[in-house]
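Keeping their order, the protein sequence lines are chains A and B. Numbered continuously in my numbering, the first sequence closes out at residue 288. Numbered continuously in my numbering, the second sequence closes out at residue 1236.
In case anyone wonders, no lab produced these hints; they're calculated from the structure. It cannot be assumed that every hint is accurate.
[As the list claims (entries may be wrong)] So, partial list: chain B residues that the calculated Cβ filter (under 10 Å) puts toward chain A:
1. 1079
2. 1090
3. 1091
4. 1149
5. 1151
6. 1161
7. 1166
[To be verified] Residues of chain A clear of chain B, computed beta-carbon distances all greater than 10 Å:
8. 8
9. 39
10. 67
11. 84
12. 125
13. 143
14. 195
15. 197
[What the hints assert, rightly or not] Distance condition first, Cα-Cα at most 30 Å in a straight line; then the derived DSS-like pairs of lysine-lysine:
16. A:10 / B:1121
17. B:1166 / B:1123
18. B:1166 / A:132
Yeah, the Cβ is synthetic: ideal placement off N, Cα and C, and Gly gets one too.
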Amino acid sequence: MSPSAPLLPKEDTREAALFFVVCALCFLASFAGLVARSAYAAADTWADQVTGEITIRVRGDEAAAVRAREIANASPGIDTARLISRSEAEALLAPWLGSSGLPEDIPIPFLIAASATRDAPAVADIIDRRLKEEGLDAIVDEHSVWSSDLRQSTNAAGLAALGAVGLLIATAVAVIAFATHAALLARRDIVEVLHLTGARDGFISSLFEQRFLMLGVRAGATGALLALATAAFMLFLVKQSQDQVWLLPQLSLSLTDGLILGVTPLLAGFAAMISARVTVMQSLSEMV
Amino acid sequence: MKERNISPDTPTLRFDRVSVSYGPGLDVLADASFELRPGSMTFLTGPSGAGKSTLLKLAYLALRPSQGRVSLFGIDTARQSRAERALTRRKLGVVFQEFRLLEHLTAFENAALPLRVAGDKEKRYRNDVRELLEWVGLGDRMNARPATLSGGEKQRVAIARAVVMKPDLIIADEPTGNVDTEMADRLMRLFRELNRRVNTTVLIATHDMELIRRTPADVLRIANGLLSRQGQESGR
């Protein structure tokens, strides 16, 4: 005679439907988590790239520009300061003015790109004061307004993404709980028979907890892997079609990404298990 | 013989002014008092809807009384914790009218269910369960699932499940309703044998007056929710 079958029947269509629901919700939650994490990382990258960058616009002749560069280079906290050539300036303006070159009569100010060390205090103010002391007509721009706006925007976007992820997770947990409850109601006959044959509440509950824990973990893992595949595919497509991909969130499979993907199945399994326990205990509490 | 630590004077089942009501004027059982002595065999009879199933549900702890007290093995079940009631249920063998077999389990697995629930290992009980199923005429149907069994076969699996633990109290709701006279007598002999050899108390609800006449046992009659005890019917 073959070994005894499990006390719970094999999964049926109700549990297959629950698997699909959990899988879909975990896909959405982990995909949103990956996107939010990537958006945060990209925002940090953008902000890092402009922090410490100073641009000096000099009006006048080339000698004035060279002098301004010397002053900048000599200022405390400046790593490097270099004069941007006309060809570089034309390349920067190409997206707006075309790449066929600028007419000679269009005046292009001399630009100096300087990099300051991160902890240099008010270095832009120091350069600005020294340039004025030398009588040079120049504007020092440390991009603080732009980078501040960027940081605010990315922080807001990041918070919105986190909020969306939080909402998705809460919805996923609620739907998993509801679907588990519905799937379990159909098993009430088994709960009753086990109860009336002398099974303790904990014994009956543990049967369902194990079943739904595994179901949640499997569905969550499937959803998380699908999210990873989708994110990778989307970024692959973006990289194929865009030049400035550095502006887009990057998929790097960092520790945080791994954490998001790893936590999703556990969370789904835990939600299903707790929901199973609550439902079975609720059913049992209605029995003597 | 199974060890028992219940005093021979302690009633196996005792109803103390038990009533069940589903609302004003909806009394299913009114002020019922009786007791079953250890080792007694009792039929519960009465017309359909008289309250037999309700009384049995109270006895096998599937229903709480609206009033009164149900005691099993000398203990007021209302005072027991859920875990204690689970242990009390293991001393009961119940044959449900609608069988309540688990559809995904074989006849063997259904019959062995109380043993699994109690934590016994299959290798310890395998032969006992086989013998029991052979005894009830299902030796060649052990691996069949309930969906492929006839009503009578299901009933015999349900009976095997009820007696497999050699319970202190067997409660059976129409246990011979779906079997022929020969099998009914055979099943009654099984109950009788458990009753005599293991001192199991037996309570059987039945409509079958002929069965009651053929079997020596006490008789409880219930009508309109009111219970009355009759003397021992004369048996064969």
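Comparing the hints with the structure gives:
1. Residue-level restraint check for residue 1079 of chain B is violated (minimum Cβ-Cβ distance to chain A is 13 Å; threshold 10 Å).
2. For residue 1090 of chain B, the interface hint holds, since its Cβ comes within 10 Å of a Cβ in chain A; the closest pair sits about 4 Å apart.
3. Given hint, residue 1091 of chain B at the interface with chain A, holds; its Cβ is 8 Å from that chain's nearest Cβ, closer than 10 Å.
4. Using the Cβ-Cβ criterion of 10 Å, the hint placing residue 1149 of chain B at the interface with chain A is not satisfied: the shortest such distance is roughly 16 Å.
5. Interface restraint check: residue 1151 of chain B against chain A, minimum CB-CB distance 18 Å, threshold 10 Å, status violated.
6. Hint status for residue 1161 of chain B relative to chain A: holds, with the closest Cβ pair at about 8 Å, below 10 Å.
7. The closest approach between the C-beta of residue 1166 of chain B and any C-beta of chain A is roughly 13 Å, which is over the 10 Å cut-off, so the hint fails.
8. The claim that residue 8 of chain A is not at the interface with chain B is violated, since a C-beta of that chain comes within 10 Å of its own (minimum 8 Å).
9. The claim that residue 39 of chain A is not at the interface with chain B holds, since no C-beta of that chain comes within 10 Å of its own (minimum 48 Å).
10. With a minimum CB-CB distance of about 90 Å to chain B, residue 67 of chain A clears the 10 Å threshold, and the non-interface call stands.
11. Residue placement check: residue 84 of chain A keeps its beta carbon more than 10 Å from all beta carbons of chain B (closest about 77 Å).
12. Every Cβ of chain B is farther than 10 Å from the Cβ of residue 125 of chain A; the closest lies at roughly 76 Å, confirming the non-interface assignment.
13. The claim that residue 143 of chain A is not at the interface with chain B holds, since no C-beta of that chain comes within 10 Å of its own (minimum 69 Å).
14. Non-interface status of residue 195 of chain A relative to chain B is broken: a Cβ of that chain comes within 10 Å, the nearest being about 8 Å off.
15. The Cβ of residue 197 of chain A does not lie farther than 10 Å from every Cβ of chain B; its closest approach is about 5 Å, which violates its non-interface assignment.
16. Note on residue 10 of chain A and residue 1121 of chain B: the hinted pairing holds, with a Cα-Cα distance of about 22 Å set against a maximum of 30 Å.
17. Pair hint residue 1166 of chain B plus residue 1123 of chain B holds up; C-alpha atoms about 18 Å apart against a cutoff of 30 Å.
18. At most 30 Å may separate the alpha-carbon atoms for a hinted pair to count; residue 1166 of chain B and residue 132 of chain A exceed this at roughly 105 Å.
Of the numbered hints stated above, those contradicted by the structure are hints 1, 4, 5, 7, 8, 14, 15, 18, listed in ascending order.
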